[in-house]
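Participant: If you read the protein sequences in the order shown, they are chains A and B. Residue 644 in the numbering used here sits at position 70 of the first sequence, and the numbers go up by one each step. Residue 662 in the numbering used here sits at position 88 of the second sequence, and the numbers go up by one each step.
By construction, these hints were calculated from the structure, which means they are not laboratory data. Treat the hints with caution; some may be incorrect.
One copy or two, it doesn't matter: identical chains are merged, so the pair holds either way.
[What the hints assert, rightly or not] Listed next, the in silico PhoX-like pairs over lysine-lysine satisfying Cα-Cα at most 25 Å (straight line):
no.: 1; residue 1: 840; residue 2: 954
no.: 2; residue 1: 894; residue 2: 647
no.: 3; residue 1: 1012; residue 2: 950
Protein chains: 2
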Amino acid sequence: MSNKIYKPKSISGFPEWLPEVRLVEQQWFDHIRRVFESYGYCNIETPSVEELDVLRAKGEVDKEIYVIDRLHKEEGDKEGRLALHFDQTVPFARYTAQHFNDLVFPFKRYQMQRVWRGERPQAGRFREFYQCDIDVINVDNLPISFDAEMPAVMWEILTALPGMQDEKIQIRISNRKVLLGYIESLNVSENIAAQILAIIDKIEKIGAIETSKQLNELLKNNPLHALMVDNILSLTQTNDLKSVQPENEQMKEGLHELITVMDRLKHLPEGAVVADLSIVRGLDYYTGTVYETVFLDDPNYGSICSGGRYDDLAGSYINKHLPGVGISIGFSRLFARMVDKQKLDLKAKTPAQVLVVIPSEEQQVAAAETAQILRKNGHKVELYHAAQKLGKQLGYAEKKGIPFVWFVPSEKDGMHQLKDMYNRDIPNKDFKDPSEWKANA
Amino acid sequence: MSNKIYKPKSISGFPEWLPEVRLVEQQWFDHIRRVFESYGYCNIETPSVEELDVLRAKGEVDKEIYVIDRLHKEEGDKEGRLALHFDQTVPFARYTAQHFNDLVFPFKRYQMQRVWRGERPQAGRFREFYQCDIDVINVDNLPISFDAEMPAVMWEILTALPGMQDEKIQIRISNRKVLLGYIESLNVSENIAAQILAIIDKIEKIGAIETSKQLNELLKNNPLHALMVDNILSLTQTNDLKSVQPENEQMKEGLHELITVMDRLKHLPEGAVVADLSIVRGLDYYTGTVYETVFLDDPNYGSICSGGRYDDLAGSYINKHLPGVGISIGFSRLFARMVDKQKLDLKAKTPAQVLVVIPSEEQQVAAAETAQILRKNGHKVELYHAAQKLGKQLGYAEKKGIPFVWFVPSEKDGMHQLKDMYNRDIPNKDFKDPSEWKANA
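Could you put the whole structure together from the sequences, leaning on the hints where they help?
Facilitator: As structure tokens, this is what we get:
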């Protein structure tokens, strides 16, 4: 054995949690999965890598991508280059195209995998992180009801994540056709149109006054520019969709879709979901509904759950028209925030709910048998590993955050005893037979 | 939008499953996790990558490793090189060393992550695959009881995986100290000793006669070689540990440990676990107990679940003596075998247990509300997406393998109806109120 010691360091941007934090992370994943499945979404996993050609099908890929290579390439290795996926949407589109004939449409799937981005690490930005996505994809037409299902699912998830209950969040919904339709009615160049969108996209950050200033500057050569800026601003700030006058078919369609979606979300609490025509979602490929989710007391933190509808998701990989709608939780960033804010209950360092102690060597077999009976009844049970001093065994339960300790009878026909570690003034419970202790009782 | 279509291909060695297969894969993971946690193992996840220096701490790494690199490296990027982990043991050792002061020992952890190996793909060999590991690590001393817990946990898992119930498997256990001790007593060179081990390691594949031939060839210059070969063979073939005469302290210790482990596994069915002194586990770093698991009707398939004890797991990363014992299921290889053998129940393409149909436009709202009530009661529910012809909606349930279909009342004060899709001769169940239908009822 080598005596050289290499002291390992954390790798910047690649989070790693202690067991007590991971335990809560698992609860988060379990909760998200439970809600996704309660709406009938099926799970898929794709490989961690895609062919570079797949990623390039929509144009050149940007520099955030990690490629993989064998450390010692052999002469004559002629593999296509593989890259770690940077999101789950591209792999999902590729998956749908590749397995098209084996899927039933509308195809509702959820995906909770790690993705990788080679960005410079900074607070809240990871290079390896989890995303939790749902998407629905269909052939030719996708009913608008799915646009309403997305935020309903996410509201149910985000408001019930362990530690998130006190956070005030809001899902904001727009339909890109409204703003795009309106800008089209202005008869400005494509370049100006794109710049208007880019300015509106920042409105939450820079505020209405600065937005107005930037729009005025951009449009100053247009004789109607003051009116145009006013109209754009009042459109993006409106609270009453029904009062908006559509300028063209595109705008009309967008308004109709958005009103329909909002109408189908009426069962959610007041303020949970709002229509907000200033939502643009940057330069993404969305063509209709778009979503963002913010902390109401920290809107500049950015969106924790976003998505939208795309007219044709998998068109780069298959000659079919496949519209889709999807939404994604930036899981690791959100989870890390809650860790930092110390909002999580980190008492337990193990899933075990009960420690079966071994008071003496003679009780070793009885303790092992009892542990096995408790497991069969659905309990998570650690059997202490040796007949050591009782104080040491109880101290171990305490250090690991195991809430109950089990004592096998010290004499024949004696009673089993269950001790509550967190409520020591509660008297022990006695059992004739360990199978009398019911799970979750 | 580009009209160029890139038709994606499967990437050799990187498995990807259809939804109906993934559904069973999830059941496998859930089952494994449930059993691991029932024994009090906590979960950890480590990043997908390690520093190359961490992997090299035990000596030069071999060519199976994938390194990652940013596709477009920038001038001045000075990152240490990162490699995808090729197992979970090295990351676990690094994790334990790095977080030593924050962990409670004995540290019992499970890990179920993907690992990567840049091998040439071949049947049953993947480049990206899941492993499911448990390990216990302790400071200075690790009680032998954990050596017995490993195969007990794995037996419980492997015999109850969905689709595996008919497979006859056997866990074989040895203790390396026995064979190593015996070989030491032969006073042969280190080189010869290693070659004896390598020959014994193949005994299952090549048989006793060929083993004897190869050992005779290897030892022919030794005057006692016939006796030595006989003794080695009879040692590795013995069924009665208590009859083995130890030649030295090492052998005695190994025999004692092995007998203790077998003794603590007496509660398992006859033949589930056997002592087999021919088990060597190749050139791995084990120092005591070793495990292999085979299909009894296909022993040459190789081990599906292996592991062992190591004297000092994390010694390359920390100046502490940290003995450990662990065992690992080669998950993806085993799962893929069961897929190939068509042993899995692939009826369902979705987790949804019930489809709420929308017989008419007017019933849309009632159907949505009913779906929501069923979800609140723990059911997994898909709401059909449009008021289409009933036959189409039932056909959808059938194609997706959804076992139940729910009809909201067609008139006020009418009854809800639940139809069993797989047992159509069973009469529909009627409910006044959807909350009367209990989950798992």
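Participant: When no copy is specified for residue 840 and residue 954, does a C-alpha distance of 25 Å or less occur within a copy, between copies, both, or neither?
Facilitator: between (41 Å within a copy, 22 Å between copies)
Participant: First find the shortest C-alpha distance between residue 1012 and residue 950 inside one copy, then the shortest across copies, and answer within, between, both or neither for a cut-off of 25 Å.
Facilitator: The answer is both: 11 Å in one copy and 24 Å across copies each meet 25 Å.
Participant: Can you give me the call for residue 894 and residue 647, within, between, both or neither, at a CA distance of at most 25 Å?
Facilitator: For residue 894 and residue 647, neither the intra-copy (39 Å) nor the inter-copy (36 Å) Cα distance is at most 25 Å.
The structure does not agree with numbered hint 2 stated previously, though it agrees with all others.
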